[in-house]
Amino acid sequence: MTAALELHGVAKTYRPPTAVTALSDVDLTVHRGETVAITGASGAGKSTLLSILGTLERPTAGTVRIAGTDTSTMSDPQLSAVRAWHIGFVFQQFFLLDHLTVLDNVATGLMYRGMPAATRREHAARALERVGLADRLRHRPAQLSGGERQRAAIARAVAGRPAVLLADEPTGNLDTANGHQIVRLLATLEDTSLVLVTHNAEVAAAMQRQIQLRDGRIVHDSGAAT
Amino acid sequence: MTLRSRLRPADAMSIGTVGLRARRVRATLSALGIAIAIAALVAVLGVAESSKRQLLDELGRQGNLLTVATGQTFDGRPTPLPTTAQAMIARIPPVLATTAVGNVEDATVRRTDRIPPQNTNGINVLAAQPSLPATLSARVLRGSYLGPPAEQYPETVLGYSAAQSLGIDRLDAQTQVFIAGRYFTVIGVLDRVSVAPEIDTAALVSFGVADRLFGLGGVPTRIYLRVDPDQVAAVAAVLGPTASPGNPRDLMVQRPSDVILARLQAKGAFVGLFLGLGAIALLVAGVGIANIMVISVLERRAEIGLRRALGARRRDVAAQFLLESAALAVIGGAAGIGLGCLATAVAARLAGNPLAIPAEAPLAGLAAALLVGALAGLYPATRAARLPPADALRTL
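Chain order of the listed sequences is L and U. For the first sequence, the positions run 1 to 226 when our numbering is used. For the second sequence, the positions run 1 to 396 when our numbering is used.
Treat the hints as calculated values from the structure; they're not laboratory data. Remember, predicted model here, so these are calculated numbers, not experimental data. Backbone N, C-alpha and C fix where the C-beta goes; we use that ideal spot for every residue, glycine too. Don't take every hint at face value.
Beta-carbon label-pair distances, calculated as ranges [stated by the list, open to error]: (1) L:THR29 / U:VAL284: 52 to 60 Å; (2) L:ASP76 / U:PHE270: 49 to 57 Å; (3) L:PRO16 / U:LEU370: 55 to 63 Å; (4) L:PRO77 / U:LEU342: 43 to 51 Å; (5) L:PRO17 / U:MET13: 53 to 61 Å; (6) U:ARG24 / L:GLY146: 53 to 61 Å; (7) L:GLU129 / U:VAL346: 39 to 47 Å; (8) U:MET13 / L:ALA205: 28 to 36 Å; (9) L:ARG126 / U:LEU342: 48 to 56 Å; (10) L:ARG65 / U:ARG24: 44 to 52 Å; (11) L:THR63 / U:LEU378: 51 to 59 Å.
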């Protein structure tokens, strides 16, 4: 099984005045197609780990390899390219742009690949079909329910078929029924590794692998899926 | 890694104007500041150009006018022009037309005899010839000019300012003024004569009446002459000796259009002042845009974080806010150019000037707006680009 994400000896200490050590000596390998839940109490370092996996933050120490490539020496444009082509993000707050239609919101996910608008929309329409929103293309985010908004956000993240999908509390703003729907949807995405941060034990259990963080260290790893 | 993050120019333009479309009222108000400043700059240039064009037209028409007037002796008394002066001047070949006026000393002009003699309103009495309107290109605003009957009867034509001072804005058979102890019928009012302001403040009577009633003796005090435009300097050089061969230095030879030149130069100074004020207004508007853009960056931290997560480079984020700032300024600038042209047209129409807007004014206005917009957006754009994406996404 090939590795989609590899972390070796990763540490993150924020600059003063906070000077908080968010992660210490984290080693983690996520294989292609694997679904991983990261759990832990608030302040355990879950979001920081996700940011580092997503190249939104650089680690203070250690190496991060994405799709086999070391990102620690990459420039900002190179890291941006990694995010544009290899990583999809799903956030608790959805982060849909109110002034765009659902279709254009999803198409925005491919904007930074330099893809023409018409091609982007074709991909976006297919992604929306995959998440069951084929009838909502022309709607505005404000016209959708919470669950539908998160599905649109997932469509945006997977429209370009990234190798890795990073989800930060994707069910945090949803009721139980909608939360289950979203988890089922995420679990069925093929060829994409999923790393999901959650407080919810049920959601974590739905993933193939569970990792628990405490004080910036991995204290439990259910082990790589076989 | 060969894959690159790339933003197409059309997409950059689209996301660069999305903030304007999403916040229309704010964008309109911000652009209004630039619009007012640019409108002021264009209007200053346009009004100045229109006014300059009018003065240049006048200079072209009046540039060949010369005057010969009496000088003063050492004790300050005016020296009379020789009675032969006008005839002698008329013989100079390039001279096309001449006319003379004679100053009637100590004659007051009042509306009625009930007005105290001290209230002269600064109006002089001048004896004038029938050739005066043609020679000075003076237009009769109301009534008619002094004709043959005026040589016999007490009739007068008032200069523009004199008529205003006396409160005469319409003429009928009973319109009279009291000149040196006798009522004169006002038969006409002249329009302003820009090259001969002394005519504006005068009550004109015929030489015949001036001789008979005031004892002028036909002596002129000032002669106006039109000359071939190519020979103005040459004629001016010989005017003194020709008009008064015995005492050429006692005469003052002037070119009244020099006054127009002086007015042109004075206008240039004012244009500089107003342009400076317009530039300050533009600077203030630019600070306003910078302020709005900084607020926009703060409000859109989540969007910045999202775009960075989707693969936007720092330069893409910077370009988004720079374009937005520049678009705001250019829209304001374009509106300002329209407003400025409109203001110029209205001002030119009200002043009776020809409409003339220098071609470079709209271009300079647009360039200035673009420059101000780009400068105003520089700091907010840099700030947005430097925002750590993880921090931006933790906004909510």
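message: For each hint given before, does the structure comply? Return the numbers of the non-compliant ones in rising order.
response: Numbers 3, 5, 6, 7, 8 and 11 - these are the hints that the structure violates, sorted from lowest upward.
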